[in-house]
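Student: Following the hints, put chains U and R in place on chain Y, whose structure we already have.
Residue numbers (this note's numbering), protein chains in the order written: chain Y, 1 to 324; chain U, 1 to 316; chain R, 1 to 344.
In case anyone wonders, no lab produced these hints; they're calculated from the structure. One or more hints might be untrue.
Simulated pairs of lysine to aspartate or glutamate, DMTMM-like, Cα-Cα distance not exceeding 25 Å [unchecked claim]:
#, chain 1, residue 1, chain 2, residue 2
1, Y, Lys-160, U, Asp-117
2, U, Lys-229, U, Asp-209
3, U, Lys-165, Y, Asp-138
4, Y, Lys-160, U, Glu-100
5, U, Lys-99, Y, Asp-148
6, U, Lys-141, U, Asp-209
7, R, Lys-301, U, Asp-283
8, U, Lys-296, U, Glu-100
9, U, Lys-296, U, Glu-307
10, U, Lys-99, Y, Asp-83
11, U, Lys-45, R, Glu-144
12, U, Lys-116, U, Asp-275
13, U, Lys-289, R, Glu-295
14, R, Lys-301, Y, Asp-138
15, U, Lys-45, U, Asp-275
16, U, Lys-96, U, Asp-283
17, U, Lys-237, U, Glu-307
18, U, Lys-116, Y, Asp-143
19, U, Lys-289, Y, Asp-143
20, U, Lys-170, R, Glu-144
21, U, Lys-179, R, Glu-144
22, Y, Lys-160, U, Asp-79
23, U, Lys-252, U, Glu-307
24, U, Lys-282, U, Asp-126
All of these numbers come straight from a predicted model, not from anything done at the bench.
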Amino acid sequence: MINPRRYPLLATIAIFVIAYAICYVQFPYMLSTRVAGNLLTDNAYLGIVAVGMTVVILSGGIDLSVGAVIAFSGVFIAVMLRDTGLHPVLVFALLLALTTAFGAAMGALIHRLGMPPFIVTLAGMFLARGVAYMLTIDSVAIDHPFFDTLQSTYWLMPGKGRLTLIGVIMLLAFVVGHVVAHRTRFGANVFALGGGQQTARLMGSRVGRTTVMIYAFSGLMAGLGGIVFALYTGSGYPLATVGTELTAIATVVIGGTLLSGGAGYVFGTLFGVLTMGLIQTYIVFDGTLSSWWTKIAIGVLLLAFIVLQKALLRLGTPRASALG
Amino acid sequence: MKKSLALSLALLGFSATASAAQVVGFSQIGSESGWRAAETTITRKQAEQRGIDLKFSDAQQRQENQIAALRSFIAQGVDAILLAPVVATGWDNVLKEAKESEIPVILLDRQIDAPKDLYMTAVGADSVHEGEVAGQWLVDKVAGKPCNVVELQGTTGSSVAIERKQGFEKAIADHPNLKIVRSQTGDFTRSGGKEVMESFIRAENGGRDICALFSHNDDMAIGAIQAMKEAGLHPGKEILTISIDAVPDYFKAMANGDANATVELTPNMAGPAFDALEAYWKDGTQPPKFIQTDSKLYTQSDDPEGEYQRRKDLGY
Amino acid sequence: MMPAGVKRVLPQLITLAVLVALVSAVFPDFLQLHYSDGRLIGPVIDVLKRGAPVALLAIGMTLVVATGGIDLSVGTVMAITGAVAAAAIVAGHGLLWALGLALAAGLCAGLFSGCLIAFLGIQPIVATLILMISGRGIAQLITEGRILTFNLPAFSFLGSGHLLGIPVPVWLWLAAATLTVVVVRRTALGLLIEAVGINRRASALTGINARVILLAVYMISGLCAALAGIVTTADIRGADANNAGLWLELDAILATVIGGNSLLGGRFSIPAAVIGALIIQTINTGILLAGFPTEYNLVIKAALVVAILVLQSPLLAGDLKRVAARLTRLRHPAPATKKERASP
Numbered sequence: 001m002i003n004p005r006r007y008p009l010l011a012t013i014a015i016f017v018i019a020y021a022i023c024y025v026q027f028p029y030m031l032s033t034r035v036a037g038n039l040l041t042d043n044a045y046l047g048i049v050a051v052g053m054t055v056v057i058l059s060g061g062i063d064l065s066v067g068a069v070i071a072f073s074g075v076f077i078a079v080m081l082r083d084t085g086l087h088p089v090l091v092f093a094l095l096l097a098l099t100t101a102f103g104a105a106m107g108a109l110i111h112r113l114g115m116p117p118f119i120v121t122l123a124g125m126f127l128a129r130g131v132a133y134m135l136t137i138d139s140v141a142i143d144h145p146f147f148d149t150l151q152s153t154y155w156l157m158p159g160k161g162r163l164t165l166i167g168v169i170m171l172l173a174f175v176v177g178h179v180v181a182h183r184t185r186f187g188a189n190v191f192a193l194g195g196g197q198q199t200a201r202l203m204g205s206r207v208g209r210t211t212v213m214i215y216a217f218s219g220l221m222a223g224l225g226g227i228v229f230a231l232y233t234g235s236g237y238p239l240a241t242v243g244t245e246l247t248a249i250a251t252v253v254i255g256g257t258l259l260s261g262g263a264g265y266v267f268g269t270l271f272g273v274l275t276m277g278l279i280q281t282y283i284v285f286d287g288t289l290s291s292w293w294t295k296i297a298i299g300v301l302l303l304a305f306i307v308l309q310k311a312l313l314r315l316g317t318p319r320a321s322a323l324g
Numbered sequence: 001m002k003k004s005l006a007l008s009l010a011l012l013g014f015s016a017t018a019s020a021a022q023v024v025g026f027s028q029i030g031s032e033s034g035w036r037a038a039e040t041t042i043t044r045k046q047a048e049q050r051g052i053d054l055k056f057s058d059a060q061q062r063q064e065n066q067i068a069a070l071r072s073f074i075a076q077g078v079d080a081i082l083l084a085p086v087v088a089t090g091w092d093n094v095l096k097e098a099k100e101s102e103i104p105v106i107l108l109d110r111q112i113d114a115p116k117d118l119y120m121t122a123v124g125a126d127s128v129h130e131g132e133v134a135g136q137w138l139v140d141k142v143a144g145k146p147c148n149v150v151e152l153q154g155t156t157g158s159s160v161a162i163e164r165k166q167g168f169e170k171a172i173a174d175h176p177n178l179k180i181v182r183s184q185t186g187d188f189t190r191s192g193g194k195e196v197m198e199s200f201i202r203a204e205n206g207g208r209d210i211c212a213l214f215s216h217n218d219d220m221a222i223g224a225i226q227a228m229k230e231a232g233l234h235p236g237k238e239i240l241t242i243s244i245d246a247v248p249d250y251f252k253a254m255a256n257g258d259a260n261a262t263v264e265l266t267p268n269m270a271g272p273a274f275d276a277l278e279a280y281w282k283d284g285t286q287p288p289k290f291i292q293t294d295s296k297l298y299t300q301s302d303d304p305e306g307e308y309q310r311r312k313d314l315g316y
Numbered sequence: 001m002m003p004a005g006v007k008r009v010l011p012q013l014i015t016l017a018v019l020v021a022l023v024s025a026v027f028p029d030f031l032q033l034h035y036s037d038g039r040l041i042g043p044v045i046d047v048l049k050r051g052a053p054v055a056l057l058a059i060g061m062t063l064v065v066a067t068g069g070i071d072l073s074v075g076t077v078m079a080i081t082g083a084v085a086a087a088a089i090v091a092g093h094g095l096l097w098a099l100g101l102a103l104a105a106g107l108c109a110g111l112f113s114g115c116l117i118a119f120l121g122i123q124p125i126v127a128t129l130i131l132m133i134s135g136r137g138i139a140q141l142i143t144e145g146r147i148l149t150f151n152l153p154a155f156s157f158l159g160s161g162h163l164l165g166i167p168v169p170v171w172l173w174l175a176a177a178t179l180t181v182v183v184v185r186r187t188a189l190g191l192l193i194e195a196v197g198i199n200r201r202a203s204a205l206t207g208i209n210a211r212v213i214l215l216a217v218y219m220i221s222g223l224c225a226a227l228a229g230i231v232t233t234a235d236i237r238g239a240d241a242n243n244a245g246l247w248l249e250l251d252a253i254l255a256t257v258i259g260g261n262s263l264l265g266g267r268f269s270i271p272a273a274v275i276g277a278l279i280i281q282t283i284n285t286g287i288l289l290a291g292f293p294t295e296y297n298l299v300i301k302a303a304l305v306v307a308i309l310v311l312q313s314p315l316l317a318g319d320l321k322r323v324a325a326r327l328t329r330l331r332h333p334a335p336a337t338k339k340e341r342a343s344p
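So here's chain Y without its partners, still in its complex pose (with noise of 0.2 Å):
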């Protein structure tokens, strides 16, 4: 018997399936390694933020900044090693440091102040972005040869696909996602404060360190996301990754987690990840949209999603949709 905790998981898994099968029907190539590969590499930043967000999201908070974190990221560590003569390895330690805490800043600033996470975290947005422009307003690649070897590490699958570093580095994130909030004792707070503040009180858990530590690890993953974003560009460039908080929540939201807090799996948000990115592929193997009509499908699918999760969701539960 299946858990009925799990069914937005299995909804999600389900419609990703059925919306690949229907792709493949229609273009059979999108069934090769090639573009399952690809599918892993083009999402693999999107994919570790969306990690972070994921646990925001469960603790019933919400981080507009993580897109002008990866920004910030890229520039950062371009303009470090352009003009220090710094390890990238250091170089990446010292960005994980900053971005960690400029979360923890804002958990602590949400905390404290009692500021809705949606202010805090846009001001924040403001402020990464700001800070990248003033470190370069310009564009700058990225030459370094321990770089290189990075951005050229992949393994061949057969069929000519290829499995890139980044690509695994986004499958380990979710393994860590997954671990931290469904099997540690943090998880079980940021669940508990998703579900309510008066209950985590009542739960022992201490709202102050858990809100924190939460945004922390949303800095974190947003700093990991911005380092793969920058291997997968090789380049620093302050406009950007504009707008990849909404795609971040939206594949949150695909996953099956609740926007309200307290419900959610780590994993239905590869699927969501996955769902955004078939969707961005489709729309290109077709080639015909033009750019209005591809906003506007943009839109319609992702309407479709969530109201097919929804209808399964009530197929599924008949007796709980009838009590709520």
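Tutor: Here is chains U and R on its own, set in the frame of chain Y:
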């Protein structure tokens, strides 16, 4: 079983594209301006005239979408790729993949920071040169008289804005009579240009201290012209107005005497690109690495009304 | 004693005053006004006029936020309504048709989001995100990606005309805000909205039809966005579907929150949200007038926003009160000891 299925399908897909018309993938930045819409329209028309099957992908202003689109084009095995890059850096990896799959890539609008062997050619204007042409016109026009210039910049961080600024500054560098007194971003939009110009007018003694406006694109200049007129100033006469792009509405302003000059950036980048591709497919001719389009200067003596009529239906 | 209405907006007014002083420090002529050609001219008037779109959006956003929702689609709805108005004018229909169609488009957009939220139970942020993405496509479909330029002085008047020396957009947001406040406060609508925002289930039990209320607030928000779209389009005499209202939804939400409205829903104040919009516009105009390099724009805005949020935060206010109380106690020890004796 599954593997061999995928493989045979891949072969099928490949042979299908090889037998039909040439397939060209076009990764466009997005649709952020009228100029961009015109470029897309013209590219589609050019492809249709030449019997090329154009696969269009709109990246909505995001490099990551462009890279993903390029990868999809490569996976589909298109015959060539047109790329209008949103930014100058960060293309090395995906271009290497295209090269390994022996798919020629042609860049539209601008050049990029990548080894030249990774792409076939770049068709575009030199943005620094455009800024220089604009600056030179102003230098000649004021002929040594002191002149305070205000500048409307494009989106902060975009390479076009950075380069047009550079070129303009280069042109006026040796002329101490010309001075940029205010410079702010209007995000390449009409409303941005209008709002920023209003603040310039307030800050510079009701606009009386401004002698010329240099705008990084025509849309912002059109907004700025409205702001000047509403403040009771006479653009084109009291305040010299020079801008870049040559879109139809700006010619209308020139015809009305509200604007002085513009530097053309043609939206027909696809024509020369397809020419180069067809020559390459025919006998393997390699084009030069940069096909520079003409940055022609239009002033009020170049029949602005006629230019407006000629351009208004081009999809701007 | 101050009337309750003024007391509610006092923190926002103080913030605005401090900000104006700050901008005057870097740009001394900020408060200068003069009268010529039958109109008032000066940076302050610019703030009032340029703040119109966000102020209009903030009116609708406040009602949406009061129900515990959020509307990310308003920027896009501006683009749609602007495109509809311009297309109607270009097609040769008159001013009334253009206005009517644009407002109808705004209402439809609000109805769409409202239905997704009220009937399908989709969370507001996602439902309006869908419209935010696809709506811009619809707007571009209407204009085909071009800037639709038109020439209709009666319509342009709404964006750049003057009435009694004041720009028309200022009258528009003043009228819209006053009208909304009157409707919301003179009828039970305001209470119903707050009830839905505080506890939707409980409000349903008391007989409130939460679905109708939700539909109503998103449609009002759509209507406000339509007005903002009309002002923007009329101002530049053209519909720029690509850029009109781009990211303005974030400014509108920020204005609402600076106005002291809780994103969790419940009690709300429209005047405070409108002052919030003016605060944001003062920052924007101040940055333009100050003449800093463009790359500092965002950092300055972020720093000011953070400072405002910190100073206005309810918890900090509690802390300050406690500090103030302790200071009074130090200065007047006698009553304090009495209190201390009483408290344990």
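Student: Go through the numbered hints given earlier and state which of them the structure violates, listing their numbers in rising order.
Tutor: Hints 7, 8, 10, 13, 20, 21 and 24 not satisfied by this model.
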